[in-house]
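S.K.: Sequence lines, in order, name chains R and G. Take any residue in the first sequence, note its place counting from 1, add 619, and you have its number in our numbering. Take any residue in the second sequence, note its place counting from 1, add 287, and you have its number in our numbering.
Take the hints with a grain of salt, since some may be wrong.
Said to hold, decoys possible - The list that follows gives simulated cross-link-like pairs (lysine-lysine, BS3-like), each with its CA atoms no further than 25 Å apart:
1) G/Lys342 to R/Lys957
2) R/Lys964 to G/Lys342
3) G/Lys290 to R/Lys742
4) R/Lys970 to G/Lys342
5) G/Lys290 to R/Lys672
6) R/Lys979 to R/Lys945
7) R/Lys979 to G/Lys345
8) R/Lys1126 to G/Lys311
9) G/Lys305 to G/Lys290
If you are wondering where the hints come from, they were derived from the structure by calculation, not from laboratory data.
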Amino acid sequence: MHIDPSVVDWSRAQFALTALYHWIFVPLTLGLTFIVAIMETIYVKTGDEWWKKTTKFWMGLLAINFAIGVATGIIMEFEFGTNWSNYSWIVGDIFGAPLAIEGIMAFFMESTFFTVMFFGWDKVSKKAHLISTWLVAIGSNLSALWILVANGWMQHPVGMRFNPDTARNEMVNFWDVLFNPNAYVKFLHTISSGYVLAALFVISVSSYYLLKRREIKFAKRSIMVAASFGLIVSLFNLTTGDDSARQAALSQPMKLAAMEGLYNGKSRAPIVAVGVLNPKKRYDNNESDFLFHIDVPDGLSLLGFHSFDAYVPGIKQLVLGDKEHKIESVTSKMAKGKEAVTALKAYKDAKAKGDKEAMKVALAKFNANSKYLGYGYLKKPSDVVPNVPTTFYAFHTMVACGFWFIALFVIILYLVMTNELEQKRWLLKAALWSLPLGYIAQEAGWIVAEVGRQPWAIQDMLPVNMATSNITSSPVMITFWLFAILFTALLIAEVKIMTKQIAIGPKEA
Amino acid sequence: MVKNAFSWIYHLYVDGFKGMKLGKKLWLLVAIKLFILFVVIKLLFFPNVLKENFKSDKARSNYILEQLTKGE
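For reference, chain G alone in the conformation it holds in the complex (with noise of 0.2 Å):
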């Protein structure tokens, strides 16, 4: 039975993509505009500041408070 749903799921998909027609230009538009959006845009220019800079939370808050304080 479960692999009657499994086989059910991967015909649903695989019938599914072949029988698109517009589909795979959208498809492979997504394609592009995930690899620009993950891989060269988040790796190159979007590091995660507070990750990149500080290895633990309780360094993160300090700075965190530091800025927040530091007029004063």
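Excised from the complex, chain R in its bound form (with noise of 0.2 Å):
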């Protein structure tokens, strides 16, 4: 296939412009609404006043959050009709299962449970308003599971197969998809991801109250709840990165190793805590691996493999191949690709002409190799090989935030309950200026997600320039600088709204 270069390009520029900026306002729905559902659960069960009116100034942060962001994530299931449409195809039978759910859950829930839970403080029960605010939680973040469960998918391909008389997967077990053990490690991990982010954004708020010596009894409280709330869920999303690592150990290899920026594999692999890779080291020559680099012993293998002799991959490793760790080099790969592309073809011809017994051997080909499918598209073996050093450092700067702020979740509860946090002016701004870093760390889990896997639309099964429209670039291009200023505008807007009423402050709420 011809697919101008400058296409796959631009549709990925898009793609990605679109999911980060999607990005910036989904966490913090997802996190928020736990955090005043907590919060209308204590004046539900205290009678405390104080609590009601907490609640609602967190609402109606929820509330501009939420209607700034609504519609954002459409623009990329657009993408995937136009810019994308290879890949929509031969995915479409995996996609329309989880992402009908996810539109229909999305849908009852928002008309429902939100106007309740926003207009109906004096239209139902305080136990009925406290199950819808409680509902709006649970079912907004079992939206994100369908999206996560099609992302997974396109990470760990399971519980389809590959048809080649409509040239689409279709799924032969709905559970192996939903119980795809990355599609519900990137959940978890995710939506606990959501959650720390929402902590720091209340604690942040709160901070800034505290700062200003305002509004000191409403900022205390809704610290304290923050705070306990994100070392619980900081913690909870340290496991689950450990299992996100784990699952990419098992069935991303090179994306592992690219997290690590580790070219030689080995057994007892360190993890480097802190490093500068070498911009002239490539997987096929003798350069060192970093300029400088501080590492935990064994730690590798212990986060890939939960065992510290175990040995992990480099990306030399995963492109030349390894007969005594029985890893297939990607020439291999490719040859056995390019079987199944040709097998594809000649079935695709045989069925032309009716040729029953040519379809029946062409089609047994195609099954011996089709796992190797996407292998068969690739120009060179290096293709295999992502961006290092942005999966290196986005990895690394995640990690970094994701310590710190479970560090911020102890101290500032340590001191709210001591009563000592007012006076700890630089914690207060440390907490502050925290909320920027809740940011980058999201936007860097993302990036290591979905850098760390290219070519792969599929992993293994379709690269990126065979998954995009034979389409000109031009209007690419123009609905990526469109989308830039929009979603520019729309995050303008958020900041500008968001700030206004934290100015204002609770007295209004």
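With the hints as a guide, dock the two chains, each given alone in a separate frame, to form the complex.
M.R.: Written out as structure tokens, the structure is:
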């Protein structure tokens, strides 16, 4: 297939832009719904009107974030049909069910429980309102489940079969797709990161009030809830992060190697705590991997395989192969992939001629090599290596931020409980400025997940250069800039409206 | 009873919208955004390539198979 390479680049850039902007709005909604549900539960349990006021203030900020973020994800569905039509067709049956469930669930939840949550304070009983708030929290998160199931499938395609008659993947086992380990680990890690961000958001805004010496009682109560919630969910996020790395080790070893800048595989592989990659390093030269690095001994073996002695393959072994560790070379996989493509063509031609015997032979050959199909479209073995610096630095930024958040939640929670927080103005400033770090960690996580699995649109099955549409790049360029302007305007609106409401404070909640 | 339920839902929305302060601005923002997304951007720039260019699923399948095996 001869697709203009600039269409691939612009389509990827546009998808990255829309996904990254979309993800500015989503995680705060996912987490803040739970925090307001917890605050409202305290209100219903204690009957203290202060908690109602507190809940309503944060619910107001949730409404702003929700309103500005709503439907920003729909753009990605537009892009699937226009820029990624080959991909959309090939995955259609897999994506259909999860995305339909997501659409129905989001519609019913948003039109009913959101309305009761925002408009129903004086219309329904306290308990009915509380149930609606919890259902909004649970529903929004379940809605995210289906999107992440679809994404998990792209990272580790299971429960399907490629039909050479229709050129589509057809679902053979819904439960395999739903309980795909890559999908549910991704779901848990992603939503818990949203909870961490929401906790940071509440702490950051409350710290602003404490620094300004206003809304003291409100801010301390909010911090108490957010720091407790934040500490629990950040520890959970740490464990799901460990699971995510394990899934990468099992099904996307190249991604794990890129995350750690590991060019040469080894047993008892260390994990890099801090490091600067050597820009001259390639998998096929003898340059050193790093200009500078501090390691945690055996850390990567433990992280990836839960064993200190485990062998972790490097980029070199994953490209060139390693007989000792039974790693097949990309050259060998490419040969099998080309066999699959040839067999698919032979099947198509035999079917056109009505030659059933030839169809049978071609189909058997295709099935024998179909798991390497994607490799048949690669031009050279090094195509399987993702952008190592981007993946490495994004991963380490995310992890460093994650550990800082855990420390911040512990310190803040201790000081607010001992009533010393107001005096620690340096810490309040640090908490205030940790909010941007929360967003950076969110985006870095998606960069690791998506850049780290390049060149694949569907792991081992469909590279991005085969997934795009056969269109010209001009409209994709135009819409890239249109989206950049639209999303930037939305972000500015969000920040302006949000900061105005924060400046007003909880008095008028 | 059904009438009462509809009346309750109607008033939930109407009173809710009437009582909004910041919400009115947010709804306006949502409406403008949805107009830009669905009317301007979707209609002008985002055709469904396979639906527009092919009349049946069979034709679409053949096209994709052709794309997947073109180099052979």
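S.K.: Against this structure, judge whether each hint is valid.
M.R.: Cross-check of the supplied hints:
no.: 1; hint: G/Lys342 to R/Lys957; in the structure: violated, 31 Å
no.: 2; hint: R/Lys964 to G/Lys342; in the structure: holds, 23 Å
no.: 3; hint: G/Lys290 to R/Lys742; in the structure: holds, 17 Å
no.: 4; hint: R/Lys970 to G/Lys342; in the structure: holds, 21 Å
no.: 5; hint: G/Lys290 to R/Lys672; in the structure: violated, 34 Å
no.: 6; hint: R/Lys979 to R/Lys945; in the structure: violated, 31 Å
no.: 7; hint: R/Lys979 to G/Lys345; in the structure: holds, 21 Å
no.: 8; hint: R/Lys1126 to G/Lys311; in the structure: holds, 19 Å
no.: 9; hint: G/Lys305 to G/Lys290; in the structure: holds, 22 Å
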